[in-house]
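Using the sequences plus the hints, can you model the full thing?
Residue 0 is where the sequence shown starts when you use numbering that gives the first Met the number 0, and the numbers rise one by one after that.
Derived by calculation from the structure, the hints in this document are not laboratory data.
Fair warning: there could be bad hints in the mix.
[What the hints assert, rightly or not] Ranges of calculated distance between the beta carbons of each label pair, as one might list FRET restraints:
(1) 135 <-> 33: 37 to 45 Å
(2) 132 <-> 30: 42 to 50 Å
(3) 59 <-> 28: 23 to 31 Å
(4) 41 <-> 1: 18 to 26 Å
(5) 150 <-> 58: 37 to 45 Å
(6) 150 <-> 17: 50 to 58 Å
Owing to the predicted nature of the structure, the values given are computational and were not obtained by experimental measurement.
Cβ atoms here follow ideal geometry from the backbone N, Cα and C, with glycine treated the same way.
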Amino acid sequence: MNFRNVVNSFFLGLGIGVVVILANAGTGGPGLWALTVLASGGIGLLVGLVTEWLTSLLPIRLARPRTYFLLNGLVALVTTAAIMLGLAGLAAGTGVGSGPQGGARDWWPVVGLVLAIVVVANVADYLVFRWTRARLRTVQASLGQASLEQEAGEPPDAD
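This is the structure we're talking about:
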């Protein structure tokens, strides 16, 4: 299990909580804002744990970066959707919100926003991985070239 991804999910959850507060400007006070951010971080932590656990159950033959990132992103999206829909259902059952259906209608923009953020974060994570891998290959190639030049007795380039 990659605990770095779990921690990243926690911080992504905190960020989503801040975005939800900004999207609903003027709603509630500082106490509700803090509770929203902390609850969102907790949900992010839960999503991260579930996602990493389910991803760790995948067979090793799927251990290619593109496949891993795709499956990890799909698991994160489905897990987040299930949790958000469960929260929307709880809100509808308790009458939280101002809509005629007890607040369920008020949750759909939030659910859509959260899922969009999760998709963008997963795509960004994959792009950062690809960029880092390309940079690593460039550095490795330059180190390999430098060692070949040293073996041949040539002075290293002064960049």
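Going down the list of hints, with the structure as the test:
Distance hint check: the CB atoms of residue 135 and residue 33 are about 40 Å apart, consistent with the given range 37 to 45 Å. Between residue 132 and residue 30 the CB atoms are about 44 Å apart, so this pair conforms to the stated range of 42 to 50 Å. Between residue 59 and residue 28 the CB atoms are about 51 Å apart, so this pair departs from the stated range of 23 to 31 Å. Evaluation of the 18 to 26 Å hint for residue 41 and residue 1 yields a pass: the beta carbon distance comes to about 19 Å.
At about 42 Å, the CB distance of residue 150 to residue 58 agrees with the hint of 37 to 45 Å. For the pair residue 150 and residue 17, the supplied restraint of 50 to 58 Å holds, since their beta-carbon distance comes to about 54 Å.
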